[in-house]
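Undergrad: Sequence:
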Amino acid sequence: LPSIQPINYYKASTVKGINKYRRMYSTATPNYENLLINPNEDGIDVAAKILSSGNIVGFPTETVYGLGANALNVDAVNAVFIAKGRPLTDPLIVHILNYSAALPLITLSEDEAEVFKSLTSKFWPGPLTLIVQASNLIPPAVTANTGFVGVRAPAHPLARRLLEKCNLPIAAPSANRFGHVSPTKATHVLADLGMKGVRVLNGEANGNEYGITNKETSCEYGIESTVLKIDGSCKTLFLFRQGVINQQQIEAHVSSSWTIQVISRAVPMTHNPPEDASNQSSLRTEAIGQEAPGQAICHYSPDVPCCIVRSVFTPTIVGSLNSPSKLLSLSKQDLRTSCVIIDYNSTLSHLSNQVLAYRDLSPTG
23 LPSIQPINYY
33 KASTVKGINK
43 YRRMYSTATP
53 NYENLLINPN
63 EDGIDVAAKI
73 LSSGNIVGFP
83 TETVYGLGAN
93 ALNVDAVNAV
103 FIAKGRPLTD
113 PLIVHILNYS
123 AALPLITLSE
133 DEAEVFKSLT
143 SKFWPGPLTL
153 IVQASNLIPP
163 AVTANTGFVG
173 VRAPAHPLAR
183 RLLEKCNLPI
193 AAPSANRFGH
203 VSPTKATHVL
213 ADLGMKGVRV
223 LNGEANGNEY
233 GITNKETSCE
243 YGIESTVLKI
253 DGSCKTLFLF
263 RQGVINQQQI
273 EAHVSSSWTI
283 QVISRAVPMT
293 HNPPEDASNQ
303 SSLRTEAIGQ
313 EAPGQAICHY
323 SPDVPCCIVR
333 SVFTPTIVGS
343 LNSPSKLLSL
353 SKQDLRTSCV
363 IIDYNSTLSH
373 LSNQVLAYRD
383 LSPTG
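Per my numbering, residue 23 is the first one in the sequence shown, and the count goes up by one each step.
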């Protein structure tokens, strides 16, 4: 069987280290199904009451599942940071029902208002987050003390019905522990946040009343929204995060007097929230965070062992190597049941029929 020479993303790069993570993630996940909320009108009512009472709830959107809180309630917003282990320097996106619902939460110049209306008319409801100056209704914690807030009108029918029912702006990052891959199923949310007692509106459940037919995931896209800042002072649109809506689509719906600048950077995160929700004083910070979410160096990290494959060896060659301890040896069972290959230009295509899943990300893949 093939052995793979890996570069491990974890601190331990040896076979011993890999096996440690194998044991860690082979442990049975606790059953948190009692935390799921049915996707019907009664369930919407339950989720809305959770939000109105100042607590947090998971819910599906067309991008990924969000972890929602009343965006106007400071304690509820802080609960999101605590549950996720999210740095206070990483802002939250505020979800609203439509253009009109966004206006009390933001402050726009005349030029910004024109662009804001044009983009929301075309792309809302949908996967576009627009960053503008926040009004005094938005708590500083939502903006990471920057004074700017990202707003978005989701298209998912459950998210929209929840917004209608609770009649609140919902601050919601992705519903996972900070730095982990964003969830596209209710069960993904429970795997990360079930231990925190987070209830989740289940978009994949049978018997939903909102026309959702895909039981694998109710998240249509599975990646985060595009994040765009509107800055009228320099007539520039700053594209902080590229998502489903691309730069060309945006350019087609703004005046040629505006320019688009793509921001590509990774922001180190050093401020972590306390585990104790009662210690509100320790949640206060004077640190100024970044204006857009999802830019941390460790963002979207998988929580299973990941290796960059440099080469694959046959057993006869493995036996002749001087440093076999640096190799990751996999059995047929390992390959078939627990290995996913993300490839490019078919480099490892000869293993495609031996693994759990294979994807080639090249244009010809």
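In case anyone wonders, no lab produced these hints; they're calculated from the structure.
Every residue gets a Cβ at the ideal spot worked out from N, C-alpha and C, and that includes glycine.
Treat each hint with caution, since some may be false.
Stated by the list, open to error - Okay, the calculated beta carbon distance ranges per label pair:
| # | residue 1 | residue 2 | range |
| --- | --- | --- | --- |
| 1 | Thr258 | Lys71 | 34 to 44 Å |
| 2 | Ser75 | Gln283 | 50 to 60 Å |
| 3 | Leu383 | Pro126 | 56 to 66 Å |
| 4 | Glu136 | Pro385 | 15 to 25 Å |
| 5 | Glu63 | His275 | 47 to 57 Å |
| 6 | Ser360 | Leu383 | 16 to 26 Å |
| 7 | Gly244 | Val68 | 37 to 47 Å |
| 8 | Asn53 | Gly244 | 18 to 28 Å |
| 9 | Ile285 | Asp67 | 19 to 29 Å |
| 10 | Met217 | Gly244 | 18 to 28 Å |
Undergrad: Hints numbered earlier in the text: which of these fail when held up against the supplied structure?
TA: Hint check: 2, 3, 4, 5, 7, 9 fail, others pass.
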